[in-house]
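Colleague: Construct all of the structure, not just a fragment, from the sequences and the given hints.
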Amino acid sequence: MTKLLKNLLKSPSFIIGMGLFLLTIGGALLLPFFYHVNLGLQASSYASPNGKFLLGCDHLGRDMVSMLIEGLRSSLYVGLLTGVIATTLGTALGIYGGFKGGWMDDFVNLVTNLFLVIPSFVVLILISSSLSKGRSLTLIGLIIGLTTWTWSARAVRAQAASLKSRDHIALARINGANTFRVLTLHILPYLASYVFMIFILQVASGILSEAAISMIGLGPLDTVSLGTILNDAKNQGGFGDGMWWAFMPATVIITVLVFALYIINTSMEGVFNPRLRK
Amino acid sequence: MLKQYPTARYILHRGGWYFLTFLVAVTINFFLPRLGASNPVDIIMGKAGSGLDTEAAREKEESYLKEFGLVQVDATGTILRGPDGKPLKSSNVSQFFNYVKMCFQGDFGTSFQKYPKKVTTIIAEAVPWTLALQLPTIMFGWIVGNVLGALAAYRRGVFDRVFFPLALLLSAVPFFAFGMLLVYVCAIKNGWLPAMGGYAGDLVPGFNFDFFKSAGYHYILPFFSIFLILAGGQAIGMRSMGIYELGTDYIKYAKWLGIKENKILLYLFRNAMLPQLTGLALSLGGMIGGALITEMIFSYPGLGMAILSAIQGQDYPMIQGCTLLVTISVLIANFTVDILIGFLDPRVKAGQMGGN
Amino acid sequence: MMGMNKFGIPLAMMGLLFITGCNKENKPAGQEETKAGGFARSKTLYLGGSQWGDPNSFNPLTDWPAWPVNDKFNIMFETLLAYNTLTGKFEPLLGTLESQSADSVVVVLNPAAKWSDGQPVTSADVKFVYELGKRFKGAATAYAIDFVSDIKVSATADKAERLTFMVNKKGRNNPLVVLDFLQAIRILPAHIFEPKLAQLKDLAEVQKLKCDSNPVVSGPYNLETYSNEKIILKRRDDYWGNAALHGGKLAGPQFIIHPIYKSNDAFAIALAQNDLDATQTYIPRIWMKKNAGVMTWYDKEPYFVPGAVPTLLINSTRYPLSDKAFRRAMAFAIDYKSIKDLAVSGYSPDIKPGAIMPFGIEAGFYNDEDAQKYGAAFNVESAKKILADAGYKSVFKADGTLDKMIDGKGKPVPTLFVKSPAGWSDWEAIVTLAVKGMRAAGIDVREGFVDAGLYWQSQPVGDFDLEMIKPAASVTPSQPWSRLAALMSSRTWAPPGEKMNENQGRFNNPKGKGYIKAVDSLLSVIPTLTDKAALTQAYRQLNILFMQEQPALPLCYLPEQFYQVNTKTWTNWASEANPYAPPNLPWAGAATKMLWELKPAK
Amino acid sequence: MPTFEVDHLSLHYLTRFGEKIQAVSDVSFTMEQGEILGIAGESGCGKSTLVNGLMGLFIPPLYPTSGDVRVGGESLMKRTPQDIRKNVLSQKVSMIPQGAFNALNPTRKIKDIAADVIASHTGGHTSKKDIEARLRERFDLFGMDTERVLNAFPIQLTAGERQRSVIGISTLLNPQMVIADEPTSALDVTTQKVVIRMIFDLLEKGIFNTMIFITHELPLLRHVANNIAIMYAGEFVEKGTNEQVVFDPRHPYTQALMGSMLSAEPGQKSRKPVSIEGAPPSLAKVPPGCRFAARCPVARADCKTQKQELRMVAGRLVRCNYAE
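Residue numbers (this note's numbering), protein chains in the order written: chain P, 1 to 278; chain Y, 1 to 356; chain A, 1 to 602; chain D, 1 to 324.
What the hints contain is simulated information worked out from the structure, not anything from laboratory work. Where hints are given, some of them may not hold.
To be verified - If you want a taste of the chain A side facing chain Y, the calculated C-beta under 10 Å gives, among others:
| # | residue |
| --- | --- |
| 1 | N56 |
| 2 | D275 |
| 3 | S458 |
| 4 | R540 |
| 5 | I544 |
To be verified - Cross-link-like lysine-lysine pairs, in silico, DSBU-like; alpha carbons within 30 Å at most:
| # | chain 1 | residue 1 | chain 2 | residue 2 |
| --- | --- | --- | --- | --- |
| 6 | Y | K189 | A | K568 |
| 7 | Y | K66 | A | K249 |
| 8 | A | K393 | A | K404 |
| 9 | A | K134 | Y | K86 |
| 10 | A | K352 | A | K134 |
| 11 | A | K411 | A | K324 |
| 12 | Y | K260 | D | K109 |
| 13 | A | K499 | A | K470 |
| 14 | D | K20 | Y | K255 |
| 15 | Y | K263 | D | K78 |
| 16 | A | K324 | Y | K89 |
| 17 | D | K129 | Y | K255 |
To be verified - Examples of chain P residues toward chain A, derived with CB under 8 Å:
| # | residue |
| --- | --- |
| 18 | G26 |
| 19 | L41 |
| 20 | H59 |
| 21 | G61 |
| 22 | L221 |
| 23 | G237 |
| 24 | D241 |
Every residue, glycine too, gets a C-beta built ideally from N, C-alpha and C.
Modeller: This is how it looks when you write it as structure tokens:
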């Protein structure tokens with residue numbers, strides 16, 4: 001494991017990706033200490049960038065830099081939340097289904113297919129209409145997580161199925177280890193790096209999903225996210241009026257964040273799977 | 001049963017699972033909205049009733065309740081009432097069976113928002129636009145992405161070193177943000193191309209050159225907004241599949257045997273493409289969901305726009321109808337690819353037919 | 001065939017895509033030349049903002065016809081009178097207002113008025129529409145019979161038909177609303193619809209007809225064609241009013257097209273790119289589009305003529321909102337100026353206390369002294385004092401933000417939520433600012449943005465603490481009575497949970513302690529008053545009661561309809577400098593006459 | 001003239017981090033017509049890398065460091081990859097890989113793979129019919145249901161049928177020299193025997209006559225090979241005749257290897273193999289002295305630093321300064 005880590009640290013693309021990702025996380029966590037984040041209405045609508053408001057203001061006259069910091073925090077929160085939920089659920093059910101096979105596998109398959117065919121935005125609309133308090137960021141994260149785990153389940157399932165026949169696992173089973181023990185002690189460690197890569201991708205997809213959901217007007221009502229910034233830019237005319245600061249910085253931040261995660265993923269793939277090495 | 005027809009058995013087996021999925025999806029699709037507190041008639045009345053006084057509003061409300069089958073009626077169509085004079089609500093179960101019956105007759109009910117338009121009519125009007133935009137774009141993006149990905153995997157070198165990060169970056173851009181960027185640069189700032197709509201404002205759809213010319217002109221930006229990002233994503237997938245296949249024993253063996261390079265590339269492409277077909281199925285199935293935002297950015301007519309306004313107007317029959325359509329298209333796309341892969345890949349076929 | 005077309009076209013389009021896609025054209029968007037079969041830009045007027053969904057039906061008997069058969073648009077079907085929202089005067093259309101009293105309203109039909117099939121417009125057509133409710137409860141105009149008991153027909157000296165609308169004394173006894181009807185209810189051709197009713201027996205069946213093929217209309221335009229993306233009207237060169245009302249002139253635009261965009265920003269982009277000539281949608285920062293040729297009524301703030309009052313409705317049945325002092329403290333705590341400047345792009349004049357507007361038609365009923373004496377204006381100290389006097393204590397955190405409130409008995413006051421639809425941007429901004437002000441004064445209020453569906457649902461049953469509404473938002477002859485009634489009337493008072501269509505905050509429970517009878521008696525007497533002084537006095541009293549009781553919090557003034565036009569294709573639009581027509585798009589009320597005045601730009 | 005000559009061949013990999021891994025160092029041997037050379041060693045000792053080098057097939061990241069390989073006197077090193085592909089592979093030197101299941105393109109029928117081999121070396125002028133006839137003729141030799149096998153996808157064949165198909169395909173163009181890399185691993189004992197018999201059949205029929213047989217199963221090697229070379233950490237540590245290496249090993253590594261492997265002879269009760277403690281050195285940093293020194297039970301103080309050369313000990317080559 002330490003060797004893999006050492007190899008990872010030797011990979012320039014991993015360093016770039018991780019660097020970018022840590023930079024955004026650091027920005028989200030530390031910037032509020034250096035920059036006075038103020039989400040209040042402070043200036044006229046879509047005030048242009050100036051000395052006081054480095055990236056101008058949004059339609060309500062809120063400082064765009066503050067909005068972006070807050071939005072970045074929200075996006076990271078949603079990404080990590082969906083990542084954890086989807087990876088945990090997907091890994092647990094995927095390993096179990098792949099390892100056990102039989103009707104359990106068929107059932108897990110059915111459930112994964114089911115989530116594949118019901119778009120998450122539909123679930124979100126239907127659930128949010130039944131909650132009087134309205135949509136919160138956490139709710140959106142939960143729903144994205146609960147509707148995208150099937151993807152990880154499918155991926156893990158295939159891996160687990162291929163591990164099943166390996167000697168040491170067969171041996172463990174013959175020696176009477178129960179399923180749970182075999183899964184957690186013998187299969188999971190083998191999949192750890194793979195699961196981590198899935199987690200990275202799920203975080204990225206969570207961030208993109210949140211932005212997409214916010215874009216169609218189903219974003220969180222309790223906070224600012226990068227998606228709601230984009231949605232506002234479109235709906236409140238900043239985009240139509242050609243104010244680049246209304247949507248460009250948010251686009252760049254999402255792209256950089258997701259790009260960083262993608263690079264981390266591919267560089268890990270390169271190290272874990274030597275065939276990809278050049 | 002059907003032991004002597006393994007192919008038919010295989011198709012039936014896969015189809016059976018898909019059908020079961022379909023049934024469960026229909027059920028969920030029906031009951032989810034009804035778990036919520038929202039009542040569609042309240043929403044209509046909120047808008048329709050604002051000019052009316054209280055009694056007139058109540059009468060109007062009852063006529064809508066009847067129209068949408070939310071209250072019990074007798075044989076003559078009179079609303080049945082409880083002892084307090086209020087209409088008796090029809091049960092969820094009876095509504096469900098009614099709904100299933102209607103679905104099988106191809107009737108998804110009446111839209112709340114576009115009342116009295118039928119959901120099926122709305123869908124039929126919108127689907128061609130969505131298909132015309134999405135189908136060629138997805139197919140084209142998929143093919144181009146895969147060819148480039150396979151080349152990058154096989155050739156590596158400088159091409160790969162430039163191409164790969166570019167594709168990765170492209171696939172990291174949220175596609176709607178990319179669409180917005182395109183509109184900003186090409187339409188709002190420079191006016192090269194129209195910012196929105198499916199055809200010019202002074203035309204009516206018809207079989208004439210002007211209409212098609214205008215439609216083609218309006219097609220360019222939405223096309224590229226989907227195409228580039230899709231191709232980028234596919235290329236990345238194909239590249240890593242290709243590299244994976246490149247390391248397999250059969251490719252090594254083919255090289256040892258001295259088989260021609262383009263033949264090996266063909267082996268590689270064909271086998272790496274198989275898992276990519278699943279990706280194609282997902283893209284095609286998810287086409288309607290994906291159309292939502294693209295059509296919104298470009299104010300493009302189509303099903304996505306119809307769903308979006310249904311979402312905003314809480315038009316449940318419309319949302320349900322569209323969800324059902326999404327469900328069916330995802331299932332059909334997956335089923336087709338499942339069967340297709342079964343035929344293209346002897347391993348899958350043998351495995352699933354219970355062969356070796 | 002239509003269905004085939006709709007299916008076939010986009011599919012066939014795919015084939016042509018590549019031919020045209022490669023045909024590189026660098027023409028600016030929206031300036032494509034008009035081709036055969038299209039509609040020449042220079043002869044076409046593009047109006048937008050009324051139709052949002054697919055046009056389904058052009059049947060005027062349904063609840064939801066498409067533009068321009070809906071609302072009170074009068075370019076296909078016409079009303080008896082046209083109301084000028086600028087002057088408050090009636091202008092002739094199918095008829096002319098002859099007299100009005102507490103008992104009746106008299107209108108003389110224009111003998112020249114004709115349907116597009118050549119038949120004259122008669123009293124039978126008028127009676128058909130106004131009395132349809134007597135035959136069918138489900139008629140869209142059924143409510144009219146509560147207000148109009150009978151329409152008496154007599155002949156004038158020059159053989160025109162004189163219609164006397166009798167106020168329904170046993171019903172609502174409200175001549176003001178009868179006046180509203182005269183400028184809102186469109187007259188329909190009885191000779192077309194009666195045979196259909198006879199044939200299909202039931203109104204519900206007739207309502208299912210689409211009426212989209214060459215309908216018989218009386219107005220200056222008729223339906224040419226439509227799709228899900230636009231509705232196209234064509235000028236009727238044989239319109240009766242050309243000679244009778246407009247000195248023999250033809251209306252300027254040969255075609256009117258209403259494009260159906262799905263979002264506000266699409267209208268904004270289209271207006272700026274001259275793909276639209278006028279739109280009534282909310283467009284923020286309209287001054288930025290001046291260079292693109294966009295013009296509003298006023299050249300500077302507030303740009304628009306105010307007509308509606310976005311208001312925070314208070315649920316008076318909930319504690320502590322049931323406390324008058326608490327409600328008044330709220331009114332003092334809100335920074336109305338910041339709402340005007342930041343939330344609504346400065347589209348509002350400075351607000352004054354009360355529910356009557358201090359300018360325009362309503363100015364005569366407004367009394368500034370009363371406002372000074374009873375009204376609440378932004379003053380945080382006053383708000384704090386009122387709260388303290390009433391025994392409320394606000395606890396602030398170390399950083400100066402509000403923590404909680406405690407009432408006189410030492411119990412915590414629950415946090416109150418302002419319900420408003422998520423995504424309605426100007427309202428979101430208004431609410432945000434109102435909440436900011438109230439919290440600063442120590443009132444524990446929070447934003448509660450919800451889906452539009454939940455919003456609509458909560459309103460009639462009173463399921464809210466505070467809710468954003470726009471009470472009686474149309475500028476009609478019955479203003480400001482209709483706004484005051486919408487905010488204060490207890491006529492149909494029902495406990496929360498049951499439905500009410502007015503005063504949804506349930507102010508002034510008739511069976512409750514401290515019922516103020518004067519509110520309801522003033523509301524019922526005002527419509528019958530004809531004496532100007534008595535009327536002014538009554539309004540004054542009612543507005544004082546409003547200010548004292550504060551059942552709702554008016555926040556700013558916005559126009560009834562945003563009047564934004566682009567002058568690049570059509571010029572000579574009405575404006576403050578040239579106020580020949582009221583500030584509405586040329587499709588309703590007295591604004592329609594602009595169609596005859598518009599001139600092509602050079 | 002020897003059929004096959006390997007002259008001080010060294011091969012290395014270049015990792016993406018610029019590391020040089022010396023997978024094969026200084027391998028030399030010659031083979032006469034009809035000779036069967038067995039090469040044995042632990043997994044990872046460089047056997048498979050050597051195979052690529054022996055065929056002149058250098059696919060990045062594998063590169064030749066130095067040395068030469070000559071087939072029938074012609075050097076492979078100076079030829080272009082295109083030339084090697086067309087004129088050497090399958091024709092002069094051919095390869096029978098291990099794990100035949102994965103060696104065959106899973107989505108291609110046996111006859112099509114075989115036809116691809118023929119077409120790739122004849123410039124595609126041969127007609128399809130001729131090719132099929134040629135295939136049938138050759139496959140008829142193998143004692144299988146020729147029609148079924150040729151028309152099957154790999155998955156539809158048994159493990160034995162697949163391996164025999166692979167051997168058939170590899171020897172289709174009658175190469176002078178065949179390299180068999182663990183051709184019988186992952187097969188059951190009966191099938192192993194069938195496969196071995198088939199190889200010897202082909203040898204007897206003269207379809208090819210020189211062979212390098214790579215395996216880690218010494219018992220098998222003892223039965224098939226004339227000469228045996230033992231590889232350790234990229235080097236030959238001992239090379240001699242079958243008898244010499246198996247029954248009288250002189251290099252400490254060979255001795256340990258024999259001790260651990262021969263004990264599990266067929267028929268004997270399986271005992272726990274005696275394993276050699278420790279692991280081979282990293283080839284990224286080749287030790288200056290004996291590569292086996294760290295694990296050697298009889299290592300001396302200077303073994304780790306003193307360079308070891310192959311030298312003649314008791315009639316065979318041994319890379320140990322102290323062997324005798």
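Colleague: So, for every hint listed, does it hold in this structure?
Modeller: Hint check:
1. Given the 10 Å rule on beta carbons, the hint for N56 of chain A holds: about 5 Å separates it from the nearest Cβ of chain Y.
2. Evaluation of the D275 of chain A hint against chain Y yields a held restraint, the C-beta minimum of about 5 Å falling below 10 Å.
3. This hint holds: S458 of chain A has a C-beta 9 Å from the nearest C-beta of chain Y, less than the 10 Å allowed.
4. Below 10 Å, beta-carbon pairs count as interface contacts, and R540 of chain A has none with chain Y, the closest being about 26 Å; its hint is therefore violated.
5. Nearest Cβ of chain Y to the Cβ of I544 of chain A: about 26 Å, over the 10 Å cut. The hint is violated.
6. Taking the CA atoms of K189 of chain Y and K568 of chain A, the gap is near 19 Å; set against the 30 Å cutoff, the hint holds.
7. With a C-alpha separation of about 49 Å, the suggested pairing of K66 of chain Y with K249 of chain A is violated against the 30 Å cut-off.
8. The straight-line distance between the Cα atoms of K393 of chain A and K404 of chain A is roughly 9 Å, inside the 30 Å bound, and the hint therefore holds.
9. A hinted pair counts as satisfied when its Cα atoms are at most 30 Å apart, and K134 of chain A with K86 of chain Y qualifies at roughly 24 Å.
10. In summary, the hint linking K352 of chain A to K134 of chain A is not supported, as the alpha carbons are separated by about 43 Å, beyond the 30 Å threshold.
11. A hinted pair counts as satisfied when its Cα atoms are at most 30 Å apart, and K411 of chain A with K324 of chain A qualifies at roughly 18 Å.
12. Distance hint between K260 of chain Y and K109 of chain D is fulfilled; the C-alpha atoms sit about 17 Å from each other, no more than 30 Å.
13. Restraint check for K499 of chain A and K470 of chain A: satisfied, since their Cα atoms lie roughly 18 Å apart, inside the 30 Å limit.
14. Annotation: proposed proximity of K20 of chain D to K255 of chain Y holds, straight-line Cα distance about 24 Å (limit 30 Å).
15. Restraint check for K263 of chain Y and K78 of chain D: the C-alpha separation of about 25 Å stays at or below 30 Å, so the hint holds.
16. Of the pairs offered as hints, the one joining K324 of chain A and K89 of chain Y is violated, with about 40 Å between alpha carbons and a cut-off of 30 Å exceeded.
17. A distance of roughly 25 Å separates the Cα atoms of K129 of chain D and K255 of chain Y; the hinted pair therefore holds under the 30 Å criterion.
18. Hint status for G26 of chain P: violated, given a least beta-carbon distance of 25 Å to chain A, over 8 Å.
19. Because the beta carbon of L41 of chain P sits about 5 Å from the nearest beta carbon in chain A, less than 8 Å, this interface hint is met.
20. Here the hint on H59 of chain P is kept, as its CB sits about 6 Å from the closest CB of chain A, short of 8 Å.
21. Against a cut-off of 8 Å between C-beta atoms, the interface hint on G61 of chain P holds, since the closest Cβ of chain A lies about 5 Å away.
22. At a threshold of 8 Å, the smallest CB-CB gap from L221 of chain P to chain A is about 5 Å, leaving the interface hint in force.
23. For the restraint placing G237 of chain P at the interface with chain A, the shortest Cβ-Cβ distance is roughly 5 Å, inside the 8 Å limit, so the hint holds.
24. Hint status for D241 of chain P relative to chain A: holds, with the closest Cβ pair at about 6 Å, below 8 Å.
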